[in-house]
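*Asks:* Could you put together the complete structure from these sequences and hints?
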Amino acid sequence: MFVALIEILDVLGEERVAGLTILRGSVRIEPSRLSDGVVMARELGLTEGVVHRLATPAVADWSGTVAGLECHVRSLAGAVR
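Straight run, no breaks: the sequence shown in the numbering used here ends on number 83.
Hint data in this document are derived by calculation from the structure and do not stem from the laboratory. Check the hints yourself; a few may be wrong.
Derived Cβ-Cβ restraints for the label pairs, each shown as a range [said to hold, decoys possible]: (1) R44 to V5: 18 to 24 Å; (2) V5 to R55: 33 to 39 Å; (3) I8 to A57: 27 to 33 Å.
As the structure is a computational prediction, the values presented were derived from the model and not from experiment. Cβ atoms here follow ideal geometry from the backbone N, Cα and C, with glycine treated the same way.
*Replies:* In structure tokens form, the structure reads like this:
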């Protein structure tokens, strides 16, 4: 799992990541700026998006698998991908 986390941080750059939530087999990435979330998801190859409209502001959760690890990245909902 740690190899996958290092790979993810190498791709994204530590300065763009505000926080990581690590669970067994999965990681959630909180971007420093939610507006960067879509670009970060694209860079990781994440393709599945779910919009949470009840959150303020509305956010999207992009998910997929990176280096065998389930990965989620948050972004502002409605951002162009």
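*Asks:* Next, verify each hint and record whether it holds.
*Replies:* Hints and how they fare:
1. Checked against the hint of 18 to 24 Å, the C-beta distance between R44 and V5 comes to roughly 22 Å, which is consistent with it.
2. For V5 and R55, the hinted distance range of 33 to 39 Å is satisfied, since their beta carbons lie about 36 Å from each other.
3. At about 30 Å, the CB distance of I8 to A57 agrees with the hint of 27 to 33 Å.
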